[in-house]
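Engineer: Just so you know, the protein sequences line up as chains A and B, in that order.
Okay, so the first sequence: first residue is 1 according to the numbering used here, each after it adds one.
Okay, so the second sequence: first residue is 1 according to the numbering used here, each after it adds one.
Since the hints were made in silico from the structure, they are not lab data.
All clues stand as given, with none of them false.
A short, non-exhaustive set of chain A residues, derived as facing chain B with CB atoms under 8 Å:
(1) 61
(2) 81
(3) 133
(4) 135
(5) 192
(6) 201
Far from chain A by the CB rule (all over 10 Å, computed), these chain B residues:
(7) 79
(8) 120
(9) 134
(10) 155
(11) 210
(12) 212
Glycine residues also receive a C-beta, built at the ideal position from the N, C-alpha and C atoms.
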Amino acid sequence: MAHHVLNPPITEAQVRALRVNDTVTLEGTLFGIRDATQIHLFDRGRKTRLDLAGHAVIHTAPNVQKVPVSAAHPAGYAPSCIGTTTSDRMERFTRPLMAQNGVRLIVGKGGLRDASAAAFRELGGAYLAIIGGAAALETTWIEAIEDVDLDDLHPESLWKFRVRGFGPLVVAMDSHGGSLYAQVRSDSQGRRAKALASLGVKTK
Amino acid sequence: MKVDLQQIEEAAKELYIRALKLLPPDVKEGLDRLAAGESDAGAKRMLGTMIQNIKVAEDQANLLCQDTGIPIYNVRIGRGVEAHGFDLKEAIRRGCARSTREYSFRSSIVHPTTRVNEQTSTGRRVPIVHFEFSDRENFLEIEMIPKGSGSENNSWLKMAIPAEGVDAIKTFVIDCVLEAGGKTCPPTIVGVGVGGTADLCVHLAKLAATRPLGSHCEDPEGAKLEAALTPAVNMLGVGPQGLGGDSTAFAVHVETAATHITMNPVAVNMQCHSARRARATFTSGGLEYGY
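Here chain A stands alone, though its shape is the one from the complex (with noise of 0.2 Å):
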């Protein structure tokens, strides 16, 4: 269980080197995408001009404020609350953003499942677990935004994110096949029986 501070970009020998229960804190840049922003981008053939390769992408649709364009605050936002959303409405974008985009690291909550996961194997990424619902807490760890695109879909944007000490996140889906995830649902159901055998209901 090592901790592992990252500086995105990262190389694939980088992410390789992350394993489930390891913990990852993120330095400098971190993307901020969600829904529209993906169907927008794989569904409707939109281009964005932020390069993502090696970089990590947060599940995110942030709260900010619109304020004069200035060296704080470049892109015109200032960051007001930003948190994380469930992953998993996202499962079918993980392929085409490492495989078109080359993004490394997906950090959100409630994890994803396994077209996800050969993704992480077969091209190298990881998930890193955020917890859910602790945005203000999230919101300390951003600098500042950098910049943004496809603004037209906003607050579904794609951000770009300054993060200091963005963690620790868990890596809760690693390159090697390995997902907390799935080993918790898997022990969940192994319990069923168990549990409504307490509630007196019978199980074939």
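For this one, chain A is given, so just place chain B on it according to the hints.
Structural biologist: Below, chain B alone, put in the same frame as chain A:
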């Protein structure tokens, strides 16, 4: 008691931001209780982070969660209240939109097919406003619930049949909790609707999920189900965020309604660990905010 529509609009505005920033005491106590009893070290740490987040939100006057939810206003009208229902609803709608604009938080509301976001947290039939009535004299209460989508996206209805009995209800609840896994931001309040029609059953599940922790179903049969289901759900080991542990749910809440002789409906709706709720009470003594 004459209702001042301007005051209603202000309250609808304040309630939304209050709900987004301040977690009710029963939920905070619920998290403390789960953290104290959690046997898994990782799960205990995660619960600690959730508790820390509440403190950060309070200290920095920030939102607890970035999901501003789908705005629901539950209005209870007592005796002797003079108000035009249409105007009351419009005042709440205006307050909801002003809250989003004036406190400049994220509007999470879009048209269901065009996906256009008006950036007002309002849209067709949203905010959702429910009217109920109370026997209390000179009393009007507005409860505001910003219902997060992570938990709302995990909602289920099963039109079970009488021959399947109460076992169908119990089995369905267990299977929904397994299916939800970490997607609902556990620990959750598992809301269960039992009986009624399809729509009433789902509505009951929502009422159950958004009821304060420590409250019990008024129907003793519902309360019996709550007492049995709460420990059963927590035997599953889903844990905080679906990463394993004892703390899968704060509680299972049940609401019941009579149903048809041929029907046995059960619905599940969940509330995430950020179980947000704010309340404004208007009496002859004035306006008071609470949870």
